[in-house]
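Engineer: As they're listed, the protein sequences go chains B and F. Residue numbering for the first sequence follows the working numbering, beginning at -18 and increasing consecutively. Residue numbering for the second sequence follows the working numbering, beginning at -18 and increasing consecutively.
Hints are computed from structural coordinates only; laboratory data are not their basis. Watch out, some of these pointers could steer you wrong.
To be verified - Subject to a maximum C-alpha distance of 30 Å in a straight line, what follows is the list of computed DSSO-like cross-link-like pairs (lysine-lysine):
no.	chain 1	residue 1	chain 2	residue 2
1	F	K39	B	K173
2	F	K20	F	K90
3	B	K299	F	K214
4	B	K309	F	K214
5	F	K19	F	K63
6	B	K173	F	K63
7	B	K337	F	K188
8	B	K173	F	K188
9	B	K299	B	K318
10	B	K302	F	K(-17)
11	B	K173	F	K214
12	F	K337	F	K39
13	F	K173	B	K95
14	F	K20	F	K318
15	B	K188	F	K173
16	F	K173	F	K63
17	F	K188	B	K318
18	B	K302	F	K215
19	F	K299	B	K299
Each chain, written out:
Protein chains: 2
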Amino acid sequence: MKIQTHKEHFTNPLYLESGRILEPYDLVYETYGELNEKKDNVIVVCHALTGSHHAAGKYEGESKAGWWDSMIGENKPINTNKYFVICVNTIGSCFGSTGPMSPMYPTDKPYRLKFPVITISDMVKAQRILFDRLGIQKVEAIIGGSMGGMQALAFAIEHPTFAKKHFILASTYATQPWAIAFNKVAREAVIKDPTFQGGNYDPKEIKKWGFSGLAIGRMCGHISYLSPDSMDKKFGRNYVETDGLYELFGRYEVERYLDYNGNNFVNWFDPLSFLYITKAINNFDATRNYDSLEDSLSRIRSDIFLMSFESDLLFLPKEMKTIYTTLKNINNKNDIKYINIDSDYGHDAFLVEYDKFAHYIKEELR
Amino acid sequence: MKIQTHKEHFTNPLYLESGRILEPYDLVYETYGELNEKKDNVIVVCHALTGSHHAAGKYEGESKAGWWDSMIGENKPINTNKYFVICVNTIGSCFGSTGPMSPMYPTDKPYRLKFPVITISDMVKAQRILFDRLGIQKVEAIIGGSMGGMQALAFAIEHPTFAKKHFILASTYATQPWAIAFNKVAREAVIKDPTFQGGNYDPKEIKKWGFSGLAIGRMCGHISYLSPDSMDKKFGRNYVETDGLYELFGRYEVERYLDYNGNNFVNWFDPLSFLYITKAINNFDATRNYDSLEDSLSRIRSDIFLMSFESDLLFLPKEMKTIYTTLKNINNKNDIKYINIDSDYGHDAFLVEYDKFAHYIKEELR
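Could you put together the complete structure from these sequences and hints?
Structural biologist: Below, the structure written as structure tokens:
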């Protein structure tokens, strides 16, 4: 499989939903497979909160493949022998696309808290402009899970004829207070840590000394990505050292897991990007500029494939079902499918339980 | 209803499960109603993590009644015309019973991190010794929700003939990793806040200046006490100020709720008590000193009344059901009942939805 990383620089202003302007800006993206002559064999994959454009394959020296490597590749469900797959790092993120730590033109200082609040629609708009520059006017499908699913849904509503089909996994039509609450605790932990320094932290220093607020934020996220059952299976009540049971700071295995993933997070993710992207997730509401969800979804002209996971406690199956029943009521003549996967893995299922759902995606893309 | 607050001082050592000794120690407790001559009309109510002995009634100047005021009183489900009700502040807590901020004998300095790790069994043992001193050798019932339910279950196993009936609400037989994970984030937020100062914080100063780590810990707790549905009902996607939607620190109502309850927590609860009691909860496992849950529960000689709440995401109904089926298998000839209450209120239901469950308790105590 041919993997390429690209960076595009845009000098035209990006008009944001907030009324503010991002100018200039960069988008970094990765592609897999070959674009055909007609430029119509494209599949767009959208990443989640802490994901990146590196969705598949391995670069030299990498120990871990891209985040959806099981799904994207030669003869994999998103088959790169047939399709040209693009995954774009969203604006606001920290893997090369313009975000809060990018220089604020015309200075060479980072935006930090002067970075504008961005929305899911802004992420989608930036991608649509990129595809335009690449000469791609129509794609086969747009696929995403979690925040990636929000982007796929926003694409379907806001650019109704751009993709033939949208795949929305483990996501929602509007972020509910339960998910906002998890993000709240995480955001609060970042902001209130003195290391944050009102956004003026030194990115090198925090990698060196750690950033416990960001670690705590990530731990909180990890709870919401798992489920009671998946934690039972993964950790049970196992203790790291049994004889530490009567020590105040002795740890259960689940605590060690959270420590490890929390503390490691600062090595690969930026605190300000975390704040801006969680804000974008909290603000996601497909009904905001419309009278109702029905009004909003009635703009859709593509096939829609919805998939939820039974134990997902971040974006509940019933939220996805609401999209489905609303679309069915509209009766827009497109192919609308909804599958709820029986899974114990919680929200993370779309990154873990490929056995249970990959064949559905493969079938739909055949 | 006659309410009295008492404090008992014990100079005998309390031998803790850890092998350590608490000596001397105090227990503060509240009583409602009148103890009869035979001293056998007693009902013991056990409080939860942040609860206290003040379970019912109002003292002069108090705006809010005790935490289970809807349940305890004249002609209420736990009827003080008939019963003498006792609620004891657990050791480790911060409302008058000996805890980490109590003086470490023979010094007059607080224990702080030198306080021994305590367990649910230790809390129960201390209460049993208190009842002994009061001349109470047998009680009608022991009732508790959440950590109070753990105490009730520990009473049933460890003092099998002391109470005729145990009521265990919204609780578990062993704290599962999902609940430990919530406590982990909360504990981590407390410990990593520089205000904590390795346990050497000034209790007056933190009340004055706040303690964001403790606030974040409490917020995390509040998520686990609610449910997606109860949050939808309480807050929806309402924004505090709609025109703040594109401000990075603008807040949803659910965020305001968490801010308020989090920041207020430091005014009435102690960070070290929080660490010690969450540790006791994490360590609770009715099977620890036994071969199995069956082995442990086979010690029980009393009636057992179990109640879970459908949307409880901290202690899941299935955990309570495990207690029920295990007890039924043992076939110990006592009256074993289990009711799962259909509720959207999550773990908090046992402190909120009295309409749905109070009559069951009333009926059982008639």
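Engineer: Could you tell me which of the hints above the structure violates, numbers in ascending order?
Structural biologist: 1, 2, 6, 7, 10, 16, 17
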